[in-house]
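Trainee: Can you join these two chains into the complex? Each is in its own frame, and there are hints to help.
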Amino acid sequence: MISTGDGSSVWGADSLWRLWLYGDAVFTDEDVEQTWRFIVKKMPHVLRAL
Amino acid sequence: MAWWDDAAEAVGSAVGWVGDAAEAVVDTATEVVEEVTESASDAADAGLDALRDGAASVGPALGAVANVVLGVVKGAVHAVADLAAITFDVVRNVGKLVSDILHLNLADTIADLGNIGINILQLLVWGVRLVTGAYFGKEVSDYFMRDRALTFIRTLIVDEFGKKDGEDILRKLGSGSLHFGLPIAATARIMVADSNTFPFVTLHNAGVIDLFALAGLLSFNSFRIARERTRVVRVDAAGSNVLIPPISRFAIRSFLNSGGTTMRIRAFAMTPSSVVLCWATSLATISAWRMPDITAWIKS
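Chains as they are written, first to last, in our numbering: chain A, 1 to 50; chain B, 51 to 350.
With a Cα cut of at most 20 Å, we get these calculated EDC-like pairs of lysine to aspartate or glutamate:
hint, chain 1, residue 1, chain 2, residue 2
1, A, K42, B, E210
2, A, K42, B, D215
3, A, K41, B, E210
4, A, K42, A, D31
5, A, K41, B, E217
6, A, K41, B, D209
7, A, K42, B, D209
8, A, K41, A, E30
9, B, K222, B, D103
10, A, K41, A, D29
11, A, K42, A, E30
12, A, K41, B, D215
13, B, K222, B, D209
14, A, K41, B, D218
15, A, K41, A, D31
Don't read these hints as lab results, they were simulated from the structure.
This is chain B alone, in the form it adopts within the complex (with noise of 0.2 Å):
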């Protein structure tokens, strides 16, 4: 083991944890913040919704002027929303930045002041649309464009299965309702790779896996900016998954240099596109990540 890597694992192992607990704490500030004003902005969505709804009922006109005036209003409501989603993005990746600075993961870091950056692109097109009247003209359309689809959907199943069953149809589908559409039973999974049926060591030692990299720790081995979201985890006796404190370097040292004996760990993937990259690679022969047996991954 290199000098470098001693005194990373010493450095980090002290500081890592801080950068944890910085980074869940703003996650789970924003993400509270975020789920109250997503809340209000849904539920104001459906009371103007429904408002235009009873107004088009009475007649055409009226139903096209409420398309203006409440399109306006739900454009003002949606601005603010978008408003406060960017800021909360902004506060999430400066924690998450503070927590990579810890982990003195260069990688992330770089990676996370690009998210900043995008950011700041989101807040220009942001005013760009408020100031052009983009907000506004997107609903009052929107509104138009919802009238001559339901028109059109409506006609079409009528046509195709009757007025009776048709109708019948229309109800189960939720026509006069305001979440009209063919619903859709799914499923949420998450692939998780686990050391007692993935071999993390074989894999890390012949350069396939970065272990240290996926654990979002500074790593020698690999450099990627724009690196897949993953997270890694100790696992204890009961096989639940121990969260705090968070994996560090010198637990995942110790690990490959037992041959994974020392302890138990799973990897996480956690967006989509970490996902794909599983699907993906498991057929490639250069990757980041390699699944020998999809079935073993897959967990509810």
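Chain A with its partners taken away, still in its complex shape (with noise of 0.2 Å):
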């Protein structure tokens, strides 16, 4: 559902499967992936700050 960075479409069908599945925009374990890799690659500080 959610686009990924990379132009997946929202219109393919995994994303009529998500939709299905969630009934709404969720993340994707890409999306996850890509958050928790930019948090940890470029910003460092906020974790070592906790």
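Mentor: Here is the structure:
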């Protein structure tokens, strides 16, 4: 459902399957990985300051 | 003032408070019941998640079985919770419909009917997702996805910060608990315009804003079905908001005719979209709401 930055379409079969399964926009595995990769690599000071 | 203004004020003032009372009763009742059902659903989620994590800690095979079995149970819980949420929304929208009819607020009445139509569509989607098993599949899928995500994050953090510091960071993020994630501190604020600092009368007379519409009352100045949710209240001498009796067309008319001297009022942006409108229209020339000085609007 959510574009993952690599140009994935919201109209693809995977997205329609997710629409049926979740009934709403949700984060994908790749979204989670990209987000945490960004936090760890680009904002390590935030994690160190916890 | 036109004759229809007189008629609308007479009828609206007489029955408007009945509509406000009905809407307040419905809102309060549904919010209380909703709070109870949401708490019950959250407690059920926490219990099921704890059971699943316990099973997963024994071994991957038992974890996989728990993902499926407990995922199905969690799906059933969420299906009931969603049905309850839609039902409460219908009740709330019907309450608002009654209130807007009694306020003779045609634009909002049409919007309320549209919202009830959306509720019916939501019920249809809910039925399809329940019958086709989506509710259960979602929770099973979520459990497997959660496992994959936690494994990925653990590996990433330990690789970056080392075993000792990495484990410390993971513990602070809530690893091993039910609430894993980056803690974010936030403060809730609501945007408000006060007649002491905001030129309601000037902007209303210039046609930039419609104070009657902002107050959710019948207006002959504008007609917007998809109106942003706002609320206008009187302010007493001590600076407190006066919610009862609700502001009427007559009171607003007097306020406007006096140049804003008969009373002090405040207008609140009740939804994020109306706040966004405030920001957006501060830069636009065609607006329903402007902010000459944004700093004067923000109150905690």
